[in-house]
Structures are given as C-alpha cells and as structure tokens.
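Under this note's numbering, think of the first position of the first sequence as 1, with each following residue one higher.
Keep in mind that the hints were calculated from the coordinates and are not lab data. Among these hints, one or two may not hold up.
When the alpha-carbon atoms are kept at most 20 Å apart in a straight line, the in silico SDA-like pairs for lysine to any residue are as follows [as the list claims (entries may be wrong)]: (1) 390 to 371; (2) 394 to 418; (3) 196 to 227; (4) 387 to 414.
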Amino acid sequence: MPRPQPLSGFPELLPRQHIVEQQVVDHLRRAFELHGFAGIQTRAVEPLDQLLRKGETSKEVYVLRRLQADAESGDAGLGLHFDLTVPFARYVLEHAGKLQFPFRRYQIQPCWRGERPQEGRYREFWQADIDIVDRDELPAHYEVEIPLVIADALRGLPLPPVRMHVNNRKLSQGFYRGLGIGDTEAALRIIDKLDKLGPEAVRKLLVEEIEASPDQADACLELAGISAPDTSFADRVRALGVTDPLLDEGLEELAAVVAAAEQEAPGLVVADLRIARGLDYYTGTVYETVLEGHEGLGSVCSGGRYDTLASDGRTTYPGVGLSIGISRLLVPLLSTGALSATREVPTCVLVALAEEEGRADANALARRLRARGIPVQVSPSAAKFGKQIKFADKRGIPFVLFPGDGGQDPEIKDIRSGEQSPVDVDSWEPPAEDLHPRIVAA
RNA sequence: GUGGUCGUAGCUCAGCUGGUAGAGCGCUUGGUUGUGGUCCAGGAGGUCGCGGGUUCAAGCCCCGUCGAUCACCCCA
C-alpha cells in the first residue's frame with residue numbers, strides 16, 4: 001500500500017503535539033469548572049434544519065448519509081455541527097425541563113466545516129465553548145462575566161498575549177437608528193467589512209446599498225473608528241451628537257464590560273466599535289479576540305449575546321457565550337514549533353533491563369513507582385545500557401532506573417545531567433516539574 | 001466553489017541551455033566487551049505525486065489528473 005497522503009483541512013498531531021493540546025484542554029476545563037460551569041457533550045450530528053435555520057446557508061455543512069441508503073430516499077437530513085452554539089441551543093430546548101436556569105455549561109468538542117482550508121482554518125477543528133443561558137430574561141452582568149472567565153482560563157497558558165475586541169450591537173444599531181438609517185442590520189453587515197474593504201469602499205456601499213446620505217455614511221465610519229482600552233469611548237460616541245435609547249443602553253452595557261475587564265484583567269479588552277460579527281444571531285455584546293503577533297490568523301475566540309437563538313415559541317432562552325478556537329490557536333503554533341512539550345511520552349522513568357530474565361523484577365520495580373503515581377515503563381529489550389539510555393533520551397524520558405543485580409541497590413540516573421545515585425524505590429520522587437510532560441514555548 | 005503557486009530520500013531542500021539523482025539532518029553498524037549525547041569510519045534508504053505526449057534521451061518541456069498550499073468567500 002502506498003503511503004497515505006494527508007487530508008487537507010484534517011490536521012493530525014504527533015504525540016508530543018497532542019500532549020500540548022491535551023494539557024491546554026485540561027487547563028481550560030479546570031478553569032471553567034472553577035467558575036462553576038458544568039461540562040456537557042452534544043452528539044456530532046444535528047438535523048439539517050436545525051443547522052441551517054436563520055438562513056445560514058453560507059455555512060459549508062458536511063451532510064451524513066448511510067452508504068446503504070437507497071439512492072431515491074435521499075439523505076436523512078443530518079449534518080455535522082459547524083460550531084457548538086447552535087447544538088447547545090437545541091440541547092437547551094430539548095432538555096429545558098431538566099435543566100436549572102440560569103444554566104452555565106462548557107463544551108469542548110470537534111466541529112466540521114467544508115470550507116477550503118488555510119492556516120488556522122480547518123475542516124475539522126476543536127472548539128472550547130462556554131455559555132450562560134437563562135429563561136426569558138438574561139441579566140447584562142453575564143456579558144461582563146463571560147470574557148473574564150475566558151481571560152482567567154487563558155491566563156497561565158504559555159501563549160502569546162491575546163487582545164479581545166468588544167462592541168455592542170445595541171450601541172451600533174441604536175446609533176444608526178438615531179442617525180435615521182432604516183436597515184440597521186444591513187448597515188452593521190457593511191461596517192463589518194471595514195477591515196477588508198477600507199473606508200472608501202464601505203462608505204460607497206452604505207450610500208448605494210442602504211441609501212444612506214453621505215453625512216450618515218460618514219457618521220457610521222466615525223463611529224467605527226472609535227476604539228479605546230477604557231470607558232473613554234463613551235464620551236467620544238456622545239461627542240458625535242447622536243441620541244437614541246438603544247444607543248444609551250449599548251453604551252452602558254459596553255462600558256460595564258470594559259470597566260470590569262480593566263479592573264480584573266488589565267490589558268485584555270479594548271472597546272472597538274467596528275466589531276460587528278457577520279449577521280448571525282447576536283443582539284448585544286459581541287467579542288472577537290486576536291493573538292498578538294498572529295493577527296493574520298483572525299479571531300481565536302469569539303462570541304456574543306443572543307436573545308432569540310433558543311426559543312420554542314412560548315419560552316425564549318437568551319444567552320451569552322464565547323468559543324475558543326483550540327485548533328486555530330494551537331495548530332499553527334505547534335507546526336512552527338513555537339509551542340512544544342518537554343517530552344513525547346508520559347513516561348517519567350524507564351526501567352533498564354540487564355538481561356531478559358530480569359524482566360519480572362523490573363516489572364515489580366515499575367509497579368512500586370506507579371503505585372505512587374509515577375509514570376513508568378520497562379525497557380523493550382535487554383540491549384546495551386547505552387542503547388537503553390538512548391531509547392529514553394530520544395523520547396525525552398528524564399530518568400533511567402537501573403535495577404542493580406545481585407543484591408546491589410537500584411540506581412537512578414538523570415540522563416540530562418548524567419548524575420546517577422542509589423535510590424529507595426519506595427520513597428524516591430522526581431522533581432515536581434518532571435513528573436508529567438510540560439508545555440514549553442520556544 | 002473561483003484563481004495563483006508547489007509536488008525529488010523519513011525531514012529540509014539542491015539538481016545549470018533536456019544527457020540516466022545529490023547534500024545536510026535523521027536512521028543504522030562499527031570504533032566503544034553492558035552507561036547515551038561529542039568525534040571518526042562505514043551502511044541502508046528514491047516507481048523524481050500519478051498517467052499520457054514530444055525526443056535518440058525527460059526530475060527538467062507539453063497535456064491531463066491527484067494532492068498540498070496561498071488568496072478570494074466565510075469564519076474558530
């Protein structure tokens with residue numbers, strides 16, 4: 001069989017890289033749990049009408065079909081989920097009777113999109129998602145809390161610094177309305193393209209597509225130009241002289257987010273009034289996050305408030321959430337070597353073998369170490385000790401244990417320093433930083 | 001889906017106006033009679049992505065195809 005070729009957009013990690021990903025996931029999970037989020041998983045597939053509601057046909061959904069299905073019967077109408085927010089909304093509706101509200105959950109799973117892959121953008125990728133939903137009403141303070149949880153979760157990971165750009169759709173849409181623009185959603189959608197198209201093209205679009213006057217278009221662009229690391233953005237908005245109740249609400253909510261972030265996670269959040277987030281289902285605060293030095297990757301963590309995503313007609317479940325793009329964040333850093341792990345196996349100690357007959361004794365020594373939580377494996381063969389040390393070295397295993405024959409004490413060797421000394425197998429501890437592989441940034 | 005670029009050893013790549021394939025790293029054996037990393041000497045490893053065409057002769061030129069990659073679109 002010829003060597004299989006990789007599949008574009010379906011990245012696979014080597015063991016050393018996977019260790020990094022696992023530790024990041026573990027870290028995020030612990031952080032989310034520290035904030036009281038309960039973990040759930042949803043099935044990989046959703047009915048297509050769930051995935052495509054709101055006319056989100058631009059999403060490239062992978063559909064599912066049984067190989068043996070009749071050609072005529074068509075597909076079963078199932079597709080792989082392309083994010084974790086839509087399945088979560090369905091989950092909330094389906095299990096509403098058994099959930100306690102406000103419900104806060106985290107969810108870390110793969111997602112699939114059929115779009116053409118690029119750096120930081122894959123057809124199969126992992127997201128770590130947190131959301132808080134409530135019944136009927138969702139207090140605005142959750143829009144303040146969610147980014148702080150993310151900041152807390154990202155803290156302590158050896159990643160480049162992140163900057164979260166935050167806006168509030170009430171603010172933008174209220175401003176447009178106060179300006180006299182009719183289709184505020186369309187205006188938002190056009191402003192969202194500012195980074196791509198530039199101010200001139202956006203101005204033209206506003207005038208042509210939503211019949212904004214040149215003055216209105218200029219005002220929209222002025223608003224989009226406002227950004228600040230603190231609440232000073234509010235004064236600059238008011239200075240533009242537009243008034244609207246929705247605008248006031250948005251200003252107040254965004255100021256609350258920015259003020260809290262300034263307090264609890266200085267430098268993380270900047271108010272950036274050009275952020276709009278496509279059209280989607282967002283109705284309040286919206287978030288986008290870039291990795292400093294890797295802005296080209298796009299947003300590694302986005303989300304926002306949605307008021308009507310989950311509704312069964314009688315009850316609506318407004319929510320707010322953020323998704324960390326784990327693959328987008330890690331895969332580029334892993335493939336350039338900017339992030340790695342101290343070793344490619346969990347093993348902390350390799351038990352050497354002087355002769356094959358000693359394997360049972362070596363296994364017994366290994367068991368005693370494992371009983372105290374130290375990851376151990378026994379050498380694959382009684383090769384020359386030099387070879388066995390090399391076996392450990394190539395995998396990054398820090399210690400080799402020589403059982404010692406004929407009544408000799410076992411000895412342990414730190415193969416990085418070369419130091420070797422007799423050990424008491426029942427009390428020896430590796431340095432804490434050597435017990436498990438660690439993430440290291442280059 | 002549309003367009004550009006690229007496919008040579010396990011990896012990174014060289015290969016001139018067409019003349020029958022190379023380096024570094026890695027791997028492996030020995031020097032080193034049971035303790036690696038340095039050094040030295042050897043060795044293995046290639047249907048040049050695949051198919052066709054031009055030619056006395058193709059890794060190189062032409063056509064097709066597959067794969068990757070970048071940009072657009074969209075987004076984690």
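query = Going back to the hint list, which numbers does this structure go against?
reply = Result: hint 1 breaks, nothing else.
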